[in-house]
Amino acid sequence: MKGRRRFNAFVAQRIFLCDSVQHQRGRPRALFITPHKSETHNLQQHHRYFDAKQMSSIMRKHDSPSTRPFLWAAFLLVKPALSRAWAQTKHTPPSIFAPASTPAHEIFGLSMFVLAITGGIFVVVGGLLTFAIIRYRSRKDDDASEPPQIYGSVQVELAWTVVPVLIVVVLFLTTARIIFAVQDAPEPKDALDVTVVGHQFWWEFRYPKLGIVTANELHVPVKQATFLHLLSADVMHSFWVPELAGKTDLIPNHPNDMWIAPQRTGLFLGQCAQFCGPEHAKMLLRVYVDTPEEFQAWVKDQQQPAVDDAAVAAGRHLFETQACTNCHAVNGTAAIGTFGPDLTHLATRDTIAAGAVKNTPQDLHEWIKDPAHFKEGVLMPAMQLSDPQIDQLVAYLDTLK
Amino acid sequence: MADQPFPIAGSLDVTPPRVREQMTVGEWLHAWVVTVDHKRLGILYIVYAIFFLLVAGAEALAVRIQLARPDNHFLTADVYDRMFTMHGTTMVFLVGMPILFGFGNYLVPIMIGARDMAFPRLNAFSFWLTAFGGLLLYYSFIGGYGLYGMGNAPDVMWLAYAPLTEKAFSPGHTMDYWALSLILSGFGTLGTAINIIATALSMRCRGMTLFRMPLFVWLMLVTSALTLITITPLTAAQIMLVIDRYLGGHFFDTQAGGSAMIWLHFFWIFGHPEVYVLVLPAFGMANEIIPVFSRKAIFGYPAMAAASIGIAFVSTGVWAHHMFTVGMTSVGNTFFVLSTMVVGIPTGIKIFNWLATLWGGKIQFRPPMLFCLAFLFQFLIAGLTGIMLSVAPWNWQLHNSYFVIAHFHYVLVGAIVFCIFAGIYYWYPKAIGRMLDETLAKWHFWLFLIGFHVTFDTMHFAGFLGMPRSIYTYEADRGWGTLNMIVSIGGFIQAIAVLIFAYNLIHSYFRGRIAGNDPWDAWTLEWSTPSPPPVYNFATDPVVHSRRPLWDLKHPEDPDWKYE
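As given, the protein sequences belong to chains A and B, one line each in that order. Heads up: the first sequence begins at 242 in my numbering, then just goes up one per residue. Heads up: the second sequence begins at 226 in my numbering, then just goes up one per residue.
Read the hints as simulated data drawn from the structure, not as lab findings. These figures come from a predicted structure and were not determined experimentally. Treat the hints with care, as some may be off.
[What the hints assert, rightly or not] In silico lysine to aspartate or glutamate, DMTMM-like type, Cα no more than 25 Å apart, as pairs:
no., chain 1, residue 1, chain 2, residue 2
1, B, K787, B, D777
2, A, K541, A, D431
3, A, K464, A, E534
4, B, K787, A, E398
5, A, K381, B, D662
6, A, K610, B, D662
7, B, K667, B, D746
8, A, K599, B, D662
[Stated by the list, open to error] Some chain A residues flagged as far from chain B (calculated, every beta-carbon gap over 12 Å):
no., residue
9, P340
10, S352
11, S386
12, G452
13, I453
14, P462
15, L471
16, P493
17, P519
18, D549
19, A552
20, E561
21, G573
22, D639
Ideal placement from N, C-alpha and C gives every residue a C-beta, glycine not left out.
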């Protein structure tokens, strides 16, 4: 309980840092606290959360004149890309300057602070350099004499040693505070646990407390902490969704942990950030931050065994008697392979091939026929089936909702 | 005055000129292969490095064409991975190290008034080890899969993180070529480093105390000492990798209980100081060039030497800032944040001292100085983005993104390559005897400057938008298309500039204006010898009384030794 309180205090404090008019800074109690000071909260009771509007109004209050230009710069960077989003799924292109989750928020705040300091240094030193180069250039009407020779000055050199030392002290202390706050935040009891296993070119997500195994598309509830336990089945990978948190590597024989606590719903894109072989580029990540109700519905659906539809028995028979089962599992059938993604609820996913291909019957057909067409370095072999066989298979897979 | 030989040099050319004229091509080639002359070996290093600069540059262009548009199919994933791996490996080990040790070889003895390196034969041996290391690496394009699968090359990034390099994930022989060639060229580098240390410490002429050495020699001395520390763990790691691959070892074999972390630590204990091994000689060149073209002594010589030692010392304790995302403890991360930020202090001192050297001078915008001035700005930015990356939480976002690519290219190109170009424009007249064409030099400078900024400034923004490094393609919906197109265009502008430079090198070799002994009116000993210098540099040992012996001779009324 003590551990949870420390975590909550941390999260709440982070949020209050964003809100200069907030009066509760000293006594935060819940994981997510509304900005209304009259309301008290308890984790065991009903939670009142920020909605996106409230959040953005708080962000507006928080962005002091000094940080506003950076926010605008960030916005301008993101904006042109917005128009090219996939039509059918609503998401924004990734950006580290559009945080939507608690650790990403802290990093964003810190990064603005560091950007301001380094920007200041650049303006001062760059300005002095420019001035010196223009002011002390040799001129045409110059006599050939040499300028006065100056060999150094202890006082001046001491001065410009002390100033960087002071800047380093400030930067270091600010950084250390956020490192401890993010890394050593204890896990609250109501946090969702997910085990992430990196495979060559796809992600396995296991929800041990909920009994769910899925792939490539992570679902988490909004306004609740999700703790990710990171493992690797083969080589090094790295889990990175810029809007939610910084990256953490998945290293074989070296389990890691990270956490996110998203503040708004939506689809957030990321991808593997550590070179892991030929298809590193197409090891994409999709994180769906759902409302609590949506998430509960999704959990309930995923916990069911696979749909058994007699209309596609031929396809199921094919699936169970071909090499598919060597690598893939479908809960409730003979397929228990673990080398490839679990397909029990394949039809509920928007994409296949670790986010590289849309999950449509046509693309699924193409994929089974020749996976390398989409992902040339993929480890799944072409299955050498006839077109009618693949059609039966796709019909079966499409029922796995 | 500039073309007068100075009595200090005793500049008797002891090489009978007839010998050179009578040589056949075979004899000429033989003379270059068996040479132990530090100047010829220096030139060999630099020519070798420029050749590989063009090769690795071509690889970078292939990478840039592939990334110019989303979902592009110019290269397959495999070929792309080979290209960017070979680009990185080549640029670091076959371009950066050889060219800087080439400058060290050429300049250290002549700057300290010596006739050759301390160990001339070791010097030649080191060069040929490095050279064959490079050939071995490129032979993997032919022998990568043995006889039956021609045409492969290492494809695991130049960082070669375990366990991707193990037999299970990298079958064939490409990793073997990679590991063995780096071991081989690593031994060559060690030999040169030992040689430079011995030369700087024991071969100085009369009057040349340690604190009268030109700063370039100081920087080469510090670099060489750092090389001894850094190459060792790299070689150890490569040997472990070879043991894993050939003798069934399990150092990095995670499937059998090995550790991926061991490779990370060994590689970065090498890898980070390696950055300073590359950048310190570049600083050394700037330390020589900026004063001459500002017409002032370097400001704060002792502080510059001390800051170099400080950077080298601290840089051995910062390696894990490349590993903020591998899950170290918060205390570990905090330590490496501090040590990394501390590097900023001596680096800041250097920038301020260069600024103070410019201050009150009469700055001449000749080609070497143009490159050095651009270097100052770019190194300032590289240092500041380095501070950003040292902030561990922000590093969790920026690590392995295009921001990091932009940052280290700002260091490696914006600082080091700019200084190397400055150095070539500055010392080419000494080594060849002819000036490089100044109009072509200015075309080279401005095109390269524009290309550099178009490319690498833009890359920072791709990093902010979440583009990870080493991906061979990306989805159109990520919004990185425009940025990458701009980056690629900048790459081609740089390529045009480098071709102009290469043409200038050859053109001026035959057509350049005769340089004379001292075309820049400079102050260090190499300018007292004829251009090119005779084999023995100085017929009689010079005697110096200050850090700027030629200044003393040119200004007998106001010599430096009165003030030091």
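Report task. Enumerate the violated hints, using their earlier numbering and listing them in ascending order. Result -> Failing hints, ascending: 6, 8, 9, 10, 11, 15, 16, 17.
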